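Here's the letter readout for the chains.
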Amino acid sequence: MKRRDLLKQGGLLLSFTVAGQIILASPAQAKAGAWPLQTLSPELAQTAEILAEAIAPGARAGGIVHFLDQQLSQKNDTDCLLMIRYLGVPQPFTDFYSAAFKAVNLAAQGRYNKPLAKLSEEQLEELVSLIATDAIEHWQGPPSSFFYFVFRADAVDVTYGTQAAFAELNIPYMAHITPDKPW
Amino acid sequence: MQTITTKSQVDVLVIGSGAAGSIFAAKAAAAGKQVLILEAGPERSLEDLTSSQIWARKLKWAGAMVAEQGNHKVGNNFNSGFGTGGSAVHHYGVWPRLHENDFNTHSQYGVGLDWPIDYSHLQSFYDRIQDEVGIAGDHSKEIWRPKGKPYSIPALPIFSQGQAIAKGFAAKGLHTAPIPMAVRSTPTKDRNSCIFDGWCDAGCPNGALANPLATYLRQALHSGAAIQHHSTVSKILCDEQGRQAIGVEYFDQQGKQHTIMADKVVLAAFAIQNPRLLLMSANKYHPQGLGNNNDLVGRYLMTHPAHTIWGLFPQPTHPHMGLTGGQLISQDHYDTKLHKNNAYGSYQWLIANATKPNDLLGIAGSRPDIFGKKLKPFMQQASKHFGTMVGICDDVPQANNRVELSRTNDKFGLPLAQATHNIHPRSETLTQQMVAEGLEVFKAAGVKEPWTGPRAGMHMMGGTIMGRDPSNSVTNRYGQVHGVDNLYVAGPGLFPSSGAVNPTYTVHALSLMAAEQMLG
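Heads up: the protein sequence lines correspond to chains S and L, in order. Quick note: the first sequence uses this note's numbering, first residue 21, plus one each step. Quick note: the second sequence uses this note's numbering, first residue -17, plus one each step.
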């Protein structure tokens, strides 16, 4: 796929490792191609995707899991593009996300007696609301409202922060320099 | 670009390539001095400033972790930059001057600390920087403006968001004026004029906004200064009597340690790293750290308490366009620091900031309580009708708000900085009064249900305060460290009190004054 076509699709191009090769693509493209993840386990990736979609519908198709995985896989601290980098959380950020996703799964099981993936839409909405307000009993991760704030920003990034998302909102992007390459 | 090898000697060594360090480097290089700038972060040019709120995060601090505590943290990782041009690469170009009453708060109000200079000392340096850089504004509309030359270039235009909010101020009997912006409204041969696309937070690649890449760092490099990236200074070295700085030790990207000697050392690494380095540079003559005989290094750390007001206007506001720093300013109450209910300080409003959908200051971030099915309708409405302004208050300087060395080390084995900041009750009361006013202004402008968010720390100041007397300050008025007078501290860390305006213009004026003194 040509870079111009990719820009039309996503506008946020990152480098992904696929079959040993580094490929430039948008998180949405990586999601559509089911490209392998580097850092997140399948279980935590599923949690991330379900939760992100519940917070910001469209985040799944926007490639939230591949966006998060790609950023958490950066070897250099300065290369991370997640908002968490300026919220005072020590590196590595993978520890923060992993602990939080595990706590989400435990909270789903503890409150509804079933895994996150089996929750109804209403239960998922209630769970997100409880996480956002620090109202989960026996929460075992980083402060849940803070995690919600951080992860909501990630979901919003892929849903509303790309050129494609601007176009959907009918906002002119007006780039000086188009985000067409990894930094 | 010049290459300096280990153990070489330069005339002027500058630590940090941000706003303050760049002026020192530019003026020294223009005077024929051999200048080397050591920058801890990566190399970056105007061409790297990608228009995206996601990519904008690359400009933020990514150096050694700063452990923060207190009820009003300074927000180092958000407020600091990393790489060529430092924090000023992501600054918004809002350049109001401090007022006369910001310089003598202890004498006039019995609060905080006096500066060793008053406004009249700094006025000519403000004027000269204005001439050199170009500030767009309309002095006739700034009824609160301190003395100074009229702005050198026309004010930037006011768009629909600014016009909508200005009606609210007028309805409440308050005034607005175009923000004095260090942004070109007219082009020069080196810099383009602004195109109002609202991407200032991601850095301005066309040179309209006066970041160091477009102004003094560019001048410094043109005049022969050299810059070396990925160079983390670990210690300032002194002579055998401990009275003169003779050079620095630093680590390169591979963790290899180097030494470089210098006649003058300028410490311009911002309000957290400057005191960290002074404390790490302890020697037998300065066992508590350079300039720290009176336990003052790191103290009086400040950040402006800031609150944002948001609302949805009935009319379209085109919030994505304009400038991140805003379009209008209001300082009606600035010259009164004593308020009802014992509130203390000045405050200002920066009105109609360009806002994109995502990121901390984005549209979605203004309502973190909205998620799920309600998010998209909100985003669709807000992306057309959103309005915002931010109020910035004085921060009462307090000795216990400070930078200290942590027991935890960074990757080079150097102690991390630990920053503590709590808000003074009188500042907190002022923020509450300011927020109440802001909500009323938005209602008067036609917003049915304006809202606000949590208090945030904006900008960082103090930690290496200047003063008249070594017993109550770290440096003199020029930033010369008491007891080590060829070591200059530069930047907002010198401020003994914060005022309530964005600090970058004052940093430029102070740095020009000090650089000229250093060069004789």
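In case anyone wonders, no lab produced these hints; they're calculated from the structure. There's no promise every hint is true.
[As the list claims (entries may be wrong)] The calculated DSS-like cross-link candidates involving lysine-lysine, where the alpha carbons are at most 25 Å apart (straight line), are:
| # | chain 1 | residue 1 | chain 2 | residue 2 |
| --- | --- | --- | --- | --- |
| 1 | L | Lys425 | L | Lys393 |
| 2 | L | Lys366 | L | Lys356 |
| 3 | S | Lys138 | L | Lys356 |
| 4 | L | Lys355 | S | Lys134 |
| 5 | L | Lys154 | L | Lys425 |
| 6 | S | Lys138 | L | Lys355 |
| 7 | L | Lys355 | L | Lys149 |
| 8 | L | Lys355 | L | Lys238 |
| 9 | L | Lys42 | S | Lys95 |
| 10 | L | Lys393 | S | Lys95 |
| 11 | S | Lys95 | L | Lys238 |
| 12 | L | Lys366 | L | Lys355 |
| 13 | L | Lys356 | L | Lys55 |
| 14 | L | Lys217 | L | Lys15 |
| 15 | L | Lys393 | L | Lys322 |
| 16 | L | Lys425 | L | Lys149 |
| 17 | L | Lys366 | L | Lys322 |
| 18 | L | Lys366 | L | Lys149 |
No experiment lies behind these values; they were computed from the predicted model shown.
Each hint, compared with the structure:
no.: 1; hint: L:Lys425 - L:Lys393; result: 51 Å, violated
no.: 2; hint: L:Lys366 - L:Lys356; result: 16 Å, holds
no.: 3; hint: S:Lys138 - L:Lys356; result: 22 Å, holds
no.: 4; hint: L:Lys355 - S:Lys134; result: 23 Å, holds
no.: 5; hint: L:Lys154 - L:Lys425; result: 10 Å, holds
no.: 6; hint: S:Lys138 - L:Lys355; result: 19 Å, holds
no.: 7; hint: L:Lys355 - L:Lys149; result: 33 Å, violated
no.: 8; hint: L:Lys355 - L:Lys238; result: 53 Å, violated
no.: 9; hint: L:Lys42 - S:Lys95; result: 17 Å, holds
no.: 10; hint: L:Lys393 - S:Lys95; result: 14 Å, holds
no.: 11; hint: S:Lys95 - L:Lys238; result: 20 Å, holds
no.: 12; hint: L:Lys366 - L:Lys355; result: 19 Å, holds
no.: 13; hint: L:Lys356 - L:Lys55; result: 32 Å, violated
no.: 14; hint: L:Lys217 - L:Lys15; result: 23 Å, holds
no.: 15; hint: L:Lys393 - L:Lys322; result: 49 Å, violated
no.: 16; hint: L:Lys425 - L:Lys149; result: 10 Å, holds
no.: 17; hint: L:Lys366 - L:Lys322; result: 38 Å, violated
no.: 18; hint: L:Lys366 - L:Lys149; result: 18 Å, holds
Consistency note: the structure conflicts with the earlier hints numbered 1, 7, 8, 13, 15 and 17.
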